[in-house]
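Starting from the structure of chain A, add chain B where the hints point.
Residue numbers (the numbering used here), protein chains in the order written: chain A, 1 to 380; chain B, 1 to 291.
Since the hints were derived computationally from the structure, they do not count as laboratory data.
Think of the CB as a built atom: it goes at the ideal place given N, C-alpha and C, for glycine as much as any other residue.
Errors might be hidden in some of the hints.
To be verified - Rough simulated footprint, nothing fancy, chain A against chain B, three-plus residues with beta-carbon under 8 Å:
| # | segment |
| --- | --- |
| 1 | 105 to 119 |
| 2 | 175 to 182 |
| 3 | 187 to 193 |
Claimed, not checked - Quick list of in silico lysine-lysine cross-link-like pairs, DSS-like style, CA-CA up to 27 Å:
| # | chain 1 | residue 1 | chain 2 | residue 2 |
| --- | --- | --- | --- | --- |
| 4 | B | 284 | B | 206 |
| 5 | A | 97 | B | 206 |
| 6 | A | 97 | A | 168 |
| 7 | A | 168 | A | 328 |
| 8 | A | 101 | B | 206 |
| 9 | A | 73 | A | 97 |
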Amino acid sequence: MSDITITGLTKRFDDVTAVDDIDLEVKNGEFLVLVGPSGCGKSTTLRMIAGLEDITSGDLHIGDRRVNDLEPKERSIAMVFQNYALYPHMTGAENMKFGMKSVSNYTSAEIDERVREAAEILDIEELLDRRPSELSGGERQRVAIGRALVREPDVFLLDEPLSNLDAKLRVQMRAELLQLHRELDATTLYVTHDQTEAMTLGDRVAVLNDGEIEQVDPPQLLYDYPATRFVAEFIGSPAMNILPVELVSDGSDISVHHEQFELPLPNADSFTAQPKSAFFGIRPEDISLARNVAGDVPTFEAEVTVTEPLGESLLIHCRVGDDEIHVKAAARSSIDPGDRLELGVDEERLHVFDGTGEAIYHSSPRGHASSDAVPTQPEP
Amino acid sequence: MATQTGPSSKSVLGRLLPEGVETEQVIVHGGLLLSIFLMGLPLLLALVMSTQNTTEVYQITNIGVGSEGLSNYQTALNQYGFGEYMINSVVMSVIIVVGKVTLSLFAALALVYYRFPYERAVFMFILLTLLLPVPVRIVPLFDLMARLGWGNTLMAITGPYIASATAVFLFRQHFMSIPASLVENAHLDGVGPLRFLWEVLIPMSKGMIAGVSVITFIYAWNQYLWPLIIISDQSKQVVQVGLRFLQAASQSGLTRWGLIMAGAVIALLPPLVVLIVLHRPLLKTLAIQQK
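Next comes chain A alone, as it looks inside the complex:
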């Protein structure tokens, strides 16, 4: 098993820069998820690691080998594709064996043994004699994962492997992938556009936007301490509310001024910069009805425009001045469009971003838990 080290990796297609000078380290045995919107360069990054795309510039190391110029089969990687990429005219077992002869000098008996072992791990023994057309989506993806397992690679690369599955199966396969990763402890790089998948699967998650890495952190830290406004809005559903505000400092205290409210910020000394105008961020679940907030927390008023019952909670769309915010309230709250609400915020969970989108303040200081993760700051 090996780690992956990427330094200054760049990919240009003619005049488009798909991946722009990214640095990333996937540690030995780690499950790292690359997440981002479509077109952010996450698949291109994975394909460069696999050797399917040439690297324009930068270095790629797997273990202690620089693999930039190595053929894919020499890189000791295995990849699982979104559309499974199974050969339709071969049975499951034949699919799993097909590449083995070229990759190394295994005897047929050794290959058979490995296929049997992989099938046992994935519980697909009874699928080995069937062709892909006789398998369901989930079964096909299991066979495709089996094909990767048989190779016993140093690194697993998975390119949106669950995107073609229906929602229920996706949840199930997610759990199976996690369990598989625990059993194998293999270095895994997983690409997805689905932030839920990223949060549930990743030991760490790297958020990509426009070919650049916005932040690399364990899921909870990513959620609690978004390094940029992009990460704040991308991770979490419904997305974080972002409101344009003025920062007003009064001695050692700093407060945010919005046309509808003023809010003093705790731990003002954790500000890293103090521009005049900024963006105030708060998650929908960190806003609550004022009557439910303990103590004398400042409140503000909002008008309900739409309510969406989500079952376990009620999502309320409100107007605050010219801005719209989302609030998560308890399910079965009797709130209707047109109502005026008195809202309060959880003071532990406030964020402020500067004009370039970088986080300059989190109301609860980031603990030591994140000290081993070095977030990569984007260019302003």
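Same frame as chain A, but now just chain B:
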């Protein structure tokens, strides 16, 4: 619906039909049978005439099985060397089919799975050759064959047909419909292009290969003008030209149409067999061609 309406609204035809059979269906089926009969008529007439003697053929009203039975067939095969023509035609057609499919598979492999400069221009150029079929090139081609010393040989009647823009086009379209991740996966496994062609592309293209083979076989089988010009030995001639030789055999000044029809029916059999055996993949291929 004749069965659901009252007796008064039934047409004359409708009243004659047994319960449950609709007038409209009868008309549609009658029309279909008639058009099939009309389309099959030349073939039926050829079959009938091939059994008649020359006098019977010239009696327009005589459309029954003639007095010759199968003797016209025997004459064509034994006295006019049709067996030999058939063998020549089969050899020529098989070589053209195998050559064309093989070359076109490689060409399509290169076009779809390799990046090379002016790839599109190359493909356009291949399509452009469709504008210049063999009959248009007949004079320069004859000259070329003469210079190569291929005149009057099997090479001359097969060589010019090996390259085919149509087959390249069909294979290219088919390969492009195969997901890119399959070739990428093979690439990751270090599977070379030839192994990929042999073990993945060809098995996945069986239907297309069969379809192209049928089209090519029938096309090759029906070659007439080029073999007529380039083959000078009667013993090396193909069956379509052989048919022409039958016309020279006259009986008291009358063309022996019975004999010619027997020859035509013999010449028809191999493509018919190929067509019947491979009609399913052929239909699929034609469906792709229409897209």
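Do the hints match the structure? See the list:
| no. | hint | verdict |
| --- | --- | --- |
| 1 | 105 to 119 | violated (count 0) |
| 2 | 175 to 182 | holds (count 3) |
| 3 | 187 to 193 | holds (count 6) |
| 4 | B:284 x B:206 | holds, 11 Å |
| 5 | A:97 x B:206 | holds, 22 Å |
| 6 | A:97 x A:168 | violated, 30 Å |
| 7 | A:168 x A:328 | holds, 25 Å |
| 8 | A:101 x B:206 | holds, 24 Å |
| 9 | A:73 x A:97 | holds, 15 Å |
Of the hints listed earlier, those the structure fails to meet are numbers 1, 6, in rising order.
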